[in-house]
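Colleague: Assemble chain B onto chain A, guided by the hints.
Each chain, letter by letter, is given below.
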Amino acid sequence: GAVVSQHPSRVICKSGTSVKIECRSLDFQATTMFWYRQFPKKSLMLMATSNEGSKATYEQGVEKDKFLINHASLTLSTLTVTSAHPEDSSFYICSARRDRGQETQYFGPGTRLLVL
Amino acid sequence: KQEVTQIPAALSVPEGENLVLNCSFTDSAIYNLQWFRQDPGKGLTSLLLIQSSQREQTSGRLNASLDKSSGRSTLYIAASQPGDSATYLCAVHSSYKLIFGSGTRLLVRP
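First to last, the protein sequences are chains A and B. Under my numbering, think of the first position of the first sequence as 1, with each following residue one higher. Under my numbering, think of the first position of the second sequence as 1, with each following residue one higher.
Hints listed in this document are in silico derivations from the structure and should not be mistaken for laboratory results. Do not rely on the hints blindly, as some may be mistaken.
What the hints assert, rightly or not - Simulated crosslink set (DSS-like; lysine-lysine; CA at most 30 Å straight-line):
hint, chain 1, residue 1, chain 2, residue 2
1, A, Lys66, A, Lys42
2, A, Lys41, B, Lys97
3, A, Lys66, B, Lys42
4, B, Lys42, A, Lys64
5, A, Lys64, B, Lys1
6, B, Lys97, A, Lys42
7, B, Lys42, A, Lys41
8, A, Lys55, A, Lys20
9, A, Lys66, B, Lys1
10, B, Lys42, A, Lys20
11, A, Lys55, B, Lys1
12, B, Lys42, A, Lys55
13, B, Lys97, A, Lys55
Computed from a predicted structure; not experimentally measured.
Chain B on its own, in the form it takes in the complex:
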């Protein structure tokens, strides 16, 4: 059974710092991996999607990597801003389903 874990559960950083969020999964047989952002009380915003054959994807200040063999993905946020404060969710696409991690709650302090 696929399990997705995100570390850390919460993170507080001063504005301007570069930071890394971690995601691990137990079964490497995935179709793709997706990172989402969720603001309090809101739905999900898709940030980056990495196909299983890819190693990374970039969008603006965000870079996501995927190492399928080791069951790991990282989301790198450069030059963090207070507007980046949100919960970041990692989800793996496995067996026609999206399986989510428990998320990392990020607070970027001005």
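Extracted from the complex, chain A is given alone in its bound form:
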């Protein structure tokens, strides 16, 4: 149990376009979902925390108008990279948690974004 999927696994887009990444909890309801970003050979950096039905909480330095997060249901959160630029190229990983407390997060397999 506790499987999290991401779609797509890999995406290439042109500069200036918007890209949507989906994160789904397949066998449990996720009250809270997290979005991370990882640069090559670097660690995961938390971008934002989203609770179902409310606005996402963004970490310092993350542009909320650039990275739109929607958590409309208990099994789906989306991250939209708006007007993507080459510097947005990165590995994006989501995780999901059953409640708003301190329980374990379950991680998705990641999405590789390349902006040309």
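Modeller: Below, chain B alone, put in the same frame as chain A:
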């Protein structure tokens, strides 16, 4: 602000060696600590989770310890194998967030 540091950044060992990966954190007020494995271009695989009240956890050839008062954790890998080659990430659960270290890239040579 919680900061997590992992030493060494990279490690290369011959097959069969026992090895220790280190993780330190600056704020001892943590809920738990977790060790992950990440293969190149892939997501995270959870290896071990230690609650703040525990001192160690074991799974097969892996043993993780936690000394919360000193802000340290170690991951011990016994009898290393080439299949253990990956990046190992330590993360502390603090203030409802997971804060990651920068990882140790492990290469086990046949």
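Colleague: Does each hint hold? Answer for all of them.
Modeller: Hint-by-hint comparison with the structure:
Restraint check for Lys66 (chain A) and Lys42 (chain A): the C-alpha separation of about 22 Å stays at or below 30 Å, so the hint holds. Of the pairs offered as hints, the one joining Lys41 (chain A) and Lys97 (chain B) holds, with about 21 Å between alpha carbons and a cut-off of 30 Å not exceeded. The straight-line distance between the Cα atoms of Lys66 (chain A) and Lys42 (chain B) is roughly 25 Å, inside the 30 Å bound, and the hint therefore holds. Between Lys42 (chain B) and Lys64 (chain A) the CA atoms are separated by roughly 26 Å; this keeps the pair inside 30 Å, and the hint holds.
With a C-alpha separation of about 22 Å, the suggested pairing of Lys64 (chain A) with Lys1 (chain B) holds against the 30 Å cut-off. Between the alpha carbons of Lys97 (chain B) and Lys42 (chain A) the distance comes to roughly 18 Å, so the proposed pair stays at or under 30 Å and holds. Our distance criterion of 30 Å between C-alpha atoms is met by Lys42 (chain B) and Lys41 (chain A), whose separation comes to about 12 Å. Of the supplied pair hints, the one linking Lys55 (chain A) and Lys20 (chain A) holds, its CA atoms being roughly 17 Å apart against a limit of 30 Å.
For the given pair, Lys66 (chain A) sits about 25 Å from Lys1 (chain B) by alpha-carbon distance, which is consistent with the 30 Å threshold. Our distance criterion of 30 Å between C-alpha atoms is met by Lys42 (chain B) and Lys20 (chain A), whose separation comes to about 19 Å. Distance check on the hinted pair: Lys55 (chain A) and Lys1 (chain B) sit about 24 Å apart at the alpha-carbon level, within 30 Å; holds. The straight-line distance between the Cα atoms of Lys42 (chain B) and Lys55 (chain A) is roughly 29 Å, inside the 30 Å bound, and the hint therefore holds.
Between Lys97 (chain B) and Lys55 (chain A) the CA atoms are separated by roughly 17 Å; this keeps the pair inside 30 Å, and the hint holds.
When each numbered hint is compared with the structure, no violation occurs for any of them.
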